[in-house]
Every structure is written in structure tokens, then in C-alpha cells.
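From just these sequences and the hints, can you work out the full model?
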Amino acid sequence: MEILNITKDKIRELLEKGRRIDARTLYEFRDIVIEENVSSKAEGSARVRIGDTEVIAGTKLELVEPFADTPDEGILVVNAELHPLASEKFELGPPDVEAIKLARIVDRAIRESNFIDLKKLCIERGKLAWGIFLDIYAINDDGNLIDASAFAAVIALKNTKIPEVENGKVKFGVLSQKKLPLNEPPITITAYKIADSFILDPCSEEQEASTLKITVSITYGKEPAIHGLIKDGEEPIETEKLFEILEILIREGKKIHSKIK
Amino acid sequence: MSDKKEKRPDGREFDETRKIEAKVGVIKRADGSAYFAFGNSKAIAAVYGPRQLYPQHLQNPKKAILRCFYDMFSFSVAERKKPGPSRRSIEISDEIKRALYPVVLLENFPNTVIDVYVEIIEADASTRCAAINAASMALASAGVLMSELVTAVSVGKVGNAIVVDLSQEEEQYKIKKDGKEIKATTDIALAFLPRSKKISLLHLDGSIKLSELREAIELGKKICTKIEAIQRQVLKKLE
Amino acid sequence: MEKTRREIVIPGEIVGSGSEFLPGEGTRKEGKDIIALRFGLLEKNDKIVRVIPLSGTYIPRTGNTVIGQVIDITFNGWVVDILSPYLGFLPINECAGYVNKNDLSEYYDIHDLLASKVHTIRTRSVELTMKDRTCKKLVGGFLMRVNPTRVPRIIGREGSMVNIIKKETNCNIIVGQNGLIWIKGPSIEEEILARDAIKIIAEKPFVEGLTDYIKEFLEKNKK
Numbered sequence: 016m017e018i019l020n021i022t023k024d025k026i027r028e029l030l031e032k033g034r035r036i037d038a039r040t041l042y043e044f045r046d047i048v049i050e051e052n053v054s055s056k057a058e059g060s061a062r063v064r065i066g067d068t069e070v071i072a073g074t075k076l077e078l079v080e081p082f083a084d085t086p087d088e089g090i091l092v093v094n095a096e097l098h099p100l101a102s103e104k105f106e107l108g109p110p111d112v113e114a115i116k117l118a119r120i121v122d123r124a125i126r127e128s129n130f131i132d133l134k135k136l137c138i139e140r141g142k143l144a145w146g147i148f149l150d151i152y153a154i155n156d157d158g159n160l161i162d163a164s165a166f167a168a169v170i171a172l173k174n175t176k177i178p179e180v181e182n183g184k185v186k187f188g189v190l191s192q193k194k195l196p197l198n199e200p201p202i203t204i205t206a207y208k209i210a211d212s213f214i215l216d217p218c219s220e221e222q223e224a225s226t227l228k229i230t231v232s233i234t235y236g237k238e239p240a241i242h243g244l245i246k247d248g249e250e251p252i253e254t255e256k257l258f259e260i261l262e263i264l265i266r267e268g269k270k271i272h273s274k275i276k
Numbered sequence: 071m072s073d074k075k076e077k078r079p080d081g082r083e084f085d086e087t088r089k090i091e092a093k094v095g096v097i098k099r100a101d102g103s104a105y106f107a108f109g110n111s112k113a114i115a116a117v118y119g120p121r122q123l124y125p126q127h128l129q130n131p132k133k134a135i136l137r138c139f140y141d142m143f144s145f146s147v148a149e150r151k152k153p154g155p156s157r158r159s160i161e162i163s164d165e166i167k168r169a170l171y172p173v174v175l176l177e178n179f180p181n182t183v184i185d186v187y188v189e190i191i192e193a194d195a196s197t198r199c200a201a202i203n204a205a206s207m208a209l210a211s212a213g214v215l216m217s218e219l220v221t222a223v224s225v226g227k228v229g230n231a232i233v234v235d236l237s238q239e240e241e242q243y244k245i246k247k248d249g250k251e252i253k254a255t256t257d258i259a260l261a262f263l264p265r266s267k268k269i270s271l272l273h274l275d276g277s278i279k280l281s282e283l284r285e286a287i288e289l290g291k292k293i294c295t296k297i298e299a300i301q302r303q304v305l306k307k308l309e
Numbered sequence: 287m288e289k290t291r292r293e294i295v296i297p298g299e300i301v302g303s304g305s306e307f308l309p310g311e312g313t314r315k316e317g318k319d320i321i322a323l324r325f326g327l328l329e330k331n332d333k334i335v336r337v338i339p340l341s342g343t344y345i346p347r348t349g350n351t352v353i354g355q356v357i358d359i360t361f362n363g364w365v366v367d368i369l370s371p372y373l374g375f376l377p378i379n380e381c382a383g384y385v386n387k388n389d390l391s392e393y394y395d396i397h398d399l400l401a402s403k404v405h406t407i408r409t410r411s412v413e414l415t416m417k418d419r420t421c422k423k424l425v426g427g428f429l430m431r432v433n434p435t436r437v438p439r440i441i442g443r444e445g446s447m448v449n450i451i452k453k454e455t456n457c458n459i460i461v462g463q464n465g466l467i468w469i470k471g472p473s474i475e476e477e478i479l480a481r482d483a484i485k486i487i488a489e490k491p492f493v494e495g496l497t498d499y500i501k502e503f504l505e506k507n508k509k
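Protein chains in written order, with the numbering used here: chain A, 16 to 276; chain B, 71 to 309; chain C, 287 to 509.
Calculated from the structure, these hints are not laboratory results. In this text the structure is predicted, and so the values were computed from the model without any measurement. Worth double-checking, as some hints may not be accurate.
Unchecked claim - Pairs of lysine-lysine, BS3-like flavour, derived with a Cα cap of 30 Å:
1. 133(B) - 23(A)
2. 274(A) - 279(B)
3. 256(A) - 268(B)
4. 152(B) - 142(A)
5. 292(B) - 77(B)
6. 133(B) - 267(B)
See the structure below:
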């Protein structure tokens with residue numbers, strides 16, 4: 016069931032006074048808990064909890080033929096499942112628009128930031144390369160699945176180990192100590208607008224009351240660089256407000272970045 | 071391309087769009103329709119509604135529902151696209167809806183639906199922006215109540231240059247670094263509401279600094295104002 | 287004929303400001319300005335600014351004659367598709383004659399074509415009535431569809447235009463405000479002639495001297 020309008024009104028009313036229903040400040044995240052290697056069958060995996068929101072991401076590697084337009088690169092395939100176990104709002108079946116958007120945000124953050132050096136995953140040009148299949152499962156939806164999913168994906172990729180190969184075939188279950196060739200990790204962070212305020216890391220009630228969201232993927236090199244930016248939600252935004260929010264996101268994203276080992 | 075004084079691969083200035091072609095009333099059967107092209111990126115849009123919506127549980131008793139369906143003809147791209155919706159087209163359909171939603175006044179026709187269909191006849195980058203421009207004109211020509219038109223254009227960074235309306239060639243621009251070819255393009259789809267001066271769609275892929283992003287968005291807004299003038303002119307020129 | 291050139295406006299365009307005019311249909315006041323909310327013809331009179339639609343679906347109004355098709359029968363009336371955002375509904379008590387309540391289909395059956403009038407507009411449906419001399423079940427003849435915004439020109443001042451076509455073609459013509467037009471004449475040739483004349487009006491509503499043009503057209507093409 017969607018939250019009642021009275022709850023939405025209450026959330027708006029509180030925010031006008033600068034308060035949130037769980038007493039957090041506007042840009043304060045809930046506790047982030049990272050658990051690595053949730054499945055030993057996976058080449059890499061991570062569980063990320065942000066408050067009650069929980070996401071598990073895992074990778075499987077396979078030897079594949081590179082795509083024709085990138086013959087010297089490995090392949091990355093990102094999929095997100097908004098599984099019905101995570102919320103009464105999700106249904107089984109082919110991915111709906113929200114799942115597609117979620118997967119594409121994570122995919123672009125990784126791809127556009129060059130987090131994985133896909134060129135180094137090519138074994139034989141045009142013939143053989145590593146394919147990374149990154150699957151993200153929502154386990155419990157209490158808001159902010161986007162940030163949790165993107166973060167879990169980064170952690171899972173960081174602990175991914177490449178399997179042993181024998182006679183050109185993958186020895187499944189036997190992992191080498193070789194890790195993926197990675198660069199600076201992208202941090203994906205989203206601001207949600209409710210009434211006239213912007214908040215970070217909404218709980219599900221807050222998320223439902225939101226009318227606009229800005230998701231950005233950032234790497235923290237010498238200078239912060241933006242790799243993906245999406246405005247979503249029914250409301251438009253003024254340019255000045257957009258840049259004000261982007262500065263906040265860059266600043267607050269740095270705190271999440273510091274949680275990566 | 072890396073030198074700011076240079077021109078673009080097709081001879082355009084940095085702030086110059088490809089040839090824009092716009093028409094309304096291209097699909098007689100529809101309640102409203104339009105065609106919009108940036109060079110070889112050609113979009114055709116039809117609007118039906120407000121009309122009855124079934125099954126009934128989809129209806130909203132407070133207002134009309136806006137639905138957008140974007141897709142590409144199978145032969146619009148070099149390698150045949152499988153007909154029917156893909157993940158990409160579902161995502162873009164949603165983005166088009168987001169871009170249009172703030173201007174369409176839905177309260178007057180509760181329980182009904184306004185359907186916007188956009189097909190890409192030929193694709194040469196920036197198709198979602200061409201689609202939004204076509205859809206906005208089609209909605210207007212359908213007599214749908216709107217607070218203003220929506221305009222869209224792609225902006226981005228190719229090498230070090232901030233440019234408008236990226237072509238496919240520019241979208242795939244690569245530079246050599248450490249002996250390897252790497253992608254050196256940032257592509258931003260921008261939809262702008264010229265009267266209320268707000269951004270209704272923003273979608274960036276690539277790598278860009280905050281200061282460059284600001285420059286790109288300002289350029290996009292300038293061009294959007296010009297696009298609105300074209301849309302306006304076409305709509306006002308009734309046979 | 288009205289000679290004043292009326293301006294075409296687009297959504298978002300400022301069509302008036304200050305307290306000079308009041309915002310009418312298709313407009314809205316925003317701060318000092320009056321904004322057009324739809325594409326159409328700007329009309330300013332009696333201190334009211336409105337935008338007359340040039341396109342779009344039919345929006346029912348009380349008293350309108352509409353042509354529709356029966357698509358469903360319920361326990362208390364007929365559901366009629368009138369090509370508008372909402373379905374039409376004809377309740378039993380808005381029929382002109384006696385209805386056998388055990389079998390409504392004896393009176394009007396599914397697929398029957400009705401010329402009716404809009405009686406009441408409700409949130410989910412449009413209530414229709416047959417209690418008017420112009421209302422009837424349409425049998426024979428044929429139906430054509432035009433954009434509903436063209437209907438006023440097809441009818442003309444106090445029916446002047448449609449009366450010319452009726453007279454010159456000897457056809458019975460019923461023009462629905464919803465853009466459906468029913469034509470029945472002594473022969474197919476005359477029906478086609480009437481249809482062609484209506485098509486011209488629908489396609490060229492802004493031509494000056496349209497009445498004379500249509501008269502000429504009908505005379506020239508009459509067998």
C-alpha cells in the first residue's frame with residue numbers, strides 16, 4: 016500500500032521546520048553496514064545495509080567473445096532485480112521501468128568512470144575476453160535503493176577474484192588470487208526533494224513523498240569528476256538549485272567514499 | 071577537436087546544431103502529431119487523447135494519466151534493432167514522460183489517458199532530444215492543455231570542447247592515452263522549459279567537471295530558447 | 287463574414303496582461319500576465335480572453351448533438367461510444383418511447399448508431415438523451431469523421447452551410463458536435479457529393495468566401 020497522504024503531509028510539515036521523521040539532519044545517512052563475500056560461489060559479492068534498506072550484489076565471470084564494436088574489451092552486464100521479497104510493491108517477471116533505470120544507473124557509473132579497465136580483460140582480440148555479470152538484488156526496500164545498490168556493486172567488484180582457467184575453460188569454484196583491474200571507484204549518491212527541502216538517504220515514506228531526485232556518480236581523483244547525472248521525478252528544477260545540490264552531493268559522497276577499504 | 075579553435079568534424083561551430091526540421095500535422099489520424107529532426111536524427115510523434123483508459127484500475131480519479139512510448143524503427147540504426155521495446159527504449163520512454171510531465175495539465179480530465187507515441191525513423195545521436203521536441207509539438211497540436219512548450223537538446227564535451235547537438239561521430243569520439251583508445255565524450259540530454267526557466271530532463275553519461283557541466287548547461291539553455299522559437303513558428307504557420 | 291484576423295497562439299504565450307482582460311477558457315492568470323494554455327485561436331471580447339481550440343478530441347457540452355455507437359447494454363441503459371474522453375450513457379428514462387426492461391436490446395442493440403443529445407455531464411460518463419425531435423436511431427446512409435473543431439464551419443451560421451449542402455444534394459445530414467457526420471441521400475452519388483463538400487470544409491476552414499466556393503463546387507459536380 017502506498018503511504019497515506021496524511022503521512023506525506025506530516026513529512027512535508029516536519030521538513031519545513033528542518034526536521035525528519037527519524038530525527039536525522041537533512042543530509043545525514045543512516046548507518047551504512049558493509050558485509051563482504053556473502054556467497055562463496057560468487058566471484059565477488061557484498062551486502063550493503065543502509066538503515067533497514069538492504070541490497071546484495073554479486074559477480075560471476077565467464078569467458079566470452081567480445082562484442083563486435085569493442086573487440087579488445089571485456090564485457091560488463093549489469094542487472095538489477097527489484098525482487099518481491101523486498102517490498103509488496105515489487106512483482107516477479109521481466110524487469111519493470113524502475114529496475115531498468117536502477118541497473119542502468121549502476122552500469123553507467125561503473126562504465127563511464129572507467130572503474131573496470133575492460134581492456135585488460137581481453138584475452139584474445141575479437142575472440143576471447145572476460146565477461147563480468149553483475150547482479151544486484153534488493154532484499155529490503157526502506158528507501159534509497161539506488162545508492163545502496165551502486166555501493167554494493169562497487170564493493171562486490173572490488174572483492175571479485177578472477178577464476179582459474181584450464182585449457183581455455185573456466186574452472187568454476189576455483190578462484191585465483193587475481194583481482195579485477197580497477198581504477199578509482201565511483202560513488203553514486205542521490206538527493207530527494209520533498210516540499211522545498213532536499214534530503215539524502217530517504218526512508219521509504221520520505222522517498223514516496225518526494226517529487227524530484229538528482230542522482231550523480233562521482234569519482235574523487237585530483238578534482239571530483241561527474242560520470243553520470245540523472246534528474247528524475249515529476250518536478251523540474253532551476254539551474255542554480257541544481258548546482259547547489261550537486262555541490263552538496265559531491266561533499267557528502269566523499270563520506271561514503273571513505274567507507275571503501 | 072582537442073583544440074578549441076578548431077571546427078567540428080562536420081564543419082559546425084561549437085554552438086551550432088545540425089539542420090533542424092520541424093513540422094506539425096504529419097499524422098492526420100492522430101489528435102496531434104509532429105516531426106522533428108536534428109540532421110539525420112529524425113523523430114515522428116503522435117498524440118491520442120485525452121481518451122478513455124482501460125482497464126479501469128489504471129485510471130486516476132484525480133487527473134488524466136500521461137503515457138509515453140519511445141521506440142526506434144528496426145532499420146533506423148546500422149545494425150538492425152529488434153522490433154519492440156528494449157531496456158533502452160523503456161528507459162527513454164520514462165525520461166520523455168519526465169521531461170513533458172511538468173507542463174501537461176492533467177487535472178481537467180480525470181480517469182482518462184493521454185498517449186504519446188514517438189518513433190525514431192533514423193538515428194544519429196540525440197534521438198531522445200529530437201523525440202521530446204516532436205512530442206512537445208504534437209501535444210500542443212493536439213490541443214492538450216499545457217503551461218508551455220518543452221524544448222530539448224544534447225550538449226556535451228567532446229575532447230575538451232563544450233558543444234551542442236552531438237552527432238554519432240562525436241558521441242563515439244576517442245583519444246589515445248597510454249597507447250590505448252579511450253572514450254573522450256560526455257553526452258548530456260537536456261530538456262528545458264523556456265518560460266519557467268527550469269530543467270525537466272537531465273541525463274549525463276561521461277566524465278565532466280562541475281565547472282564544465284555549468285558551461286554545457288548554459289549553452290544548452292541558450293540553444294533551447296532558439297529551438298522554442300522554431301517550434302512556435304511552425305505551430306503558428308497554419309495552412 | 288467575419289473579417290478580423292484572429293491570431294494563433296501556443297501554450298505558454300502571454301496573451302494579455304494587467305487588469306485589462308479577464309482570463310477565459312484555455313487561459314490562466316499567472317502574476318500579472320494571462321497565459322495561453324493551449325494551441326488555438328486567440329479571441330478577445332467583452333474583456334475576456336479565450337483560446338478557441340483548433341484541434342483536439344471532442345469535449346462534450348450539455349445540449350450538444352452527438353452521434354455514437356452502442357457498445358454495451360447494462361440493466362438500466364446503453365453505453366454509447368461518442369469519441370470523447372468519456373463514454374456516453376443513455377438511461378432508459380431518457381428514451382422517447384416504451385422500453386421493455388427485460389430486454390433492452392429490443393430497443394437499441396449493440397452496434398446501433400444513435401443521434402442523441404448531451405443531457406448531463408458526470409465525472410465518469412456523459413449522460414445522453416433521445417428526448418428531442420432531432421434524436422433518432424440512424425439506419426442506412428453512411429458515417430464520416432472530421433475533426434470536431436471543424437464542426438462549427440460545417441454547420442455554418444445558423445446552419446447556413448449544412449443547409450446549402452442538404453439542399454443541393456437532397457441528402458439528410460446530421461452533424462454531431464463530436465465530429466461524426468451521418469449522411470443519407472436518394473442515391474450513393476449524392477451522398478458522395480455531400481461527403482466531398484464536407485471534406486473540403488473540414489480541410490480548409492479558414493478560406494475566405496467558403497460558402498460561395500461550396501455552392502460553386504456542388505453546382506459544378508451535380509449530375
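Would you list, in rising numerical order, the hints stated earlier that this structure does not obey? The structure breaks none of the hints.
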